[in-house]
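These protein sequence lines are chains A and B, in that order. Taken in order, the first sequence gives residues 1 to 225; the numbers are from this note's numbering. Taken in order, the second sequence gives residues 1001 to 1225; the numbers are from this note's numbering.
Treat each hint with caution, since some may be false.
Simulated crosslink set (BS3-like; lysine-lysine; CA at most 27 Å straight-line) [said to hold, decoys possible]:
#, chain 1, residue 1, chain 2, residue 2
1, A, K138, B, K1061
2, B, K1098, A, K45
3, B, K1140, A, K51
4, A, K5, A, K25
5, B, K1138, A, K110
6, A, K25, B, K1184
7, A, K51, B, K1138
8, B, K1140, A, K39
9, A, K138, B, K1051
10, B, K1110, A, K61
Part of the chain A face toward chain B, derived, beta carbon under 7 Å [unchecked claim]:
#, residue
11, Y46
12, G60
13, I63
14, I68
15, Y72
16, V76
17, W77
18, P80
19, L83
20, E118
21, K121
22, K131
23, F194
Okay, the calculated bits of chain B under chain A, using three or more residues with CB under 8 Å as the criterion [stated by the list, open to error]:
#, segment
24, 1068 to 1079
25, 1113 to 1124
26, 1184 to 1197
For the record, the hints were derived by calculation from the structure and aren't laboratory data. Glycine included, each C-beta is placed from N, C-alpha and C at the ideal position.
There are 2 protein chains.
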Amino acid sequence: MVEVKLLGAWGSPFSRRVEMALKLKGVEYEYLEEDLNNKSPLLLKYNPIHKKVPVLVHNGKPIAESLIIIEYIDEVWEGPSILPQDPYERAMARFWVKFLDEKCMPAMWKAFWSTGEEREKNKDEAIEHLKFLESEIKGKKFFGGDTIGLVDLAANFIAYWFRIISELVGVELITDDKFPNLSKWADEYINSSFVKENLPDKDKITAFFNARIRAPDETKYFPKA
Amino acid sequence: MVEVKLLGAWGSPFSRRVEMALKLKGVEYEYLEEDLNNKSPLLLKYNPIHKKVPVLVHNGKPIAESLIIIEYIDEVWEGPSILPQDPYERAMARFWVKFLDEKCMPAMWKAFWSTGEEREKNKDEAIEHLKFLESEIKGKKFFGGDTIGLVDLAANFIAYWFRIISELVGVELITDDKFPNLSKWADEYINSSFVKENLPDKDKITAFFNARIRAPDETKYFPKA
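So here's chain A without its partners, still in its complex pose:
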């Protein structure tokens, strides 16, 4: 009997990436919600190094790190391909997701949660990164082409979470006039029926980040950790 469990957190874009991948492949799984303020013994056992969600447990064997989990899912289960078949295209997809997590996410995050001159500098940096994404998505429906792929799943934070924070903190980054293609992609992504039904509730996410604004030191982490 195949047994698939996902340890996740409702508000984490990293967990949601993996959930989307499982759903794209039609994999049945048991979802276990983690309380990140009081991590379960199971999470600490399965991800002793990072102690973070998501963790996929397949027949008792754990895998951590959302992008690594998604590659595993794509390799193990039949169904629509999440990574491109062509090795060069696959390398490019890996390049963009690394860029998203290592450059875009931290730069945007810093722009949101800094103030004054520091914020302006961080905004400029974020915009420099986003220009590369804008140019990559131009002329395509999804980063994956006509269908949702690895880069779309990884960019989910831009399409949903960061739009909400952007409004809350009053930092405009991906506007229709400056990033028309990226904006269009974000609309397309969150409104595609498959994604729509798998996004966390907007009011709950808003409340989470509102709490962060009120008590920045106490809720300084992304839903991730």
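Given chain A's structure and the hints, the job is docking chain B onto it.
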């Protein structure tokens, strides 16, 4: 005609990872040395986002980021496998190389180049990370098992570069008594004939980091950038 070019830097462990992968596969390539203080128009054209080595150019198409390049090489060329065949083992290899680059490398680097109390704190952090590696390599010749694989290539900085820096700055991290298995692996790795002939000259590396000690602000970068 297949054309493979590698833009690299002699002292960069990231470049050396890719060179090792090409040699493991027996791929013929043209090597182009980059002067990182005066980057070539070719490097800026092929890696406009990061402007870093290594870049592999295969039939005119560029790929950046050492670990992404190695996966590409493994997928495109015949020869000994660099990543494991089994999807779970492959996921684990990806996990460890991410851990090496995102956790071990920065923590060790900070321990080397800080002082006083700050250094002690950084050393403790590095040691915490290294304990996981110590336990992973225990009982195995290489991270890849009996033969050199992705994780060994990625851990090259621990086996060679960081040992040299460790001596230079007088910060002991991977000692025989604290990390017997990791030490043994490092010896095994740098002394395997295949690796040995592909390592940069020790005196040149020593001179490079000696310069860093004398003028920390001017040569603050790893050979990487």
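Hint status (Cβ of W77 of chain A to nearest Cβ of chain B, threshold 7 Å): Status violated, d = 10 Å.
Satisfaction of the F194 of chain A interface hint, Cβ to chain B closer than 7 Å: With a closest approach of 24 Å, the F194 of chain A hint is violated.
Given hint K1051 of chain B paired with K138 of chain A - CA-CA distance at most 27 Å: 22 Å, holds
Interface hint for I68 of chain A, Cβ within 7 Å of any Cβ on chain B: 5 Å, holds
Distance restraint between K1140 of chain B and K51 of chain A, which requires alpha-carbon spacing of 27 Å or less: Holds - the C-alpha atoms of K51 of chain A and K1140 of chain B are around 26 Å apart, at most 27 Å.
Restraint check, 7 Å cut-off on beta carbons, for Y46 of chain A near chain B: Constraint on Y46 of chain A not satisfied, violated at 12 Å.
When the least beta-carbon distance from V76 of chain A to chain B is tested against 7 Å, hint result: 5 Å, holds
Holds or violated: K138 of chain A to K1061 of chain B, with C-alpha atoms at most 27 Å apart: 20 Å, holds
Hinted contact I63 of chain A with chain B - closest CB pair below 7 Å: Where the cut-off is 7 Å and the nearest Cβ of chain B is about 5 Å from I63 of chain A, the hint holds.
Restraint satisfaction for Y72 of chain A [CB to CB of chain B, less than 7 Å]: 4 Å, holds
Restraint check for K1140 of chain B with K39 of chain A, where alpha carbons must lie at most 27 Å apart: 32 Å, violated
Closest C-beta approach of G60 of chain A to chain B relative to 7 Å, hint status: 11 Å, violated
Hint violations for this structure: numbers 5, 6, 8, 10, 11, 12, 17, 18, 19, 20, 21, 22, 23, 25 and 26, all remaining hints satisfied.
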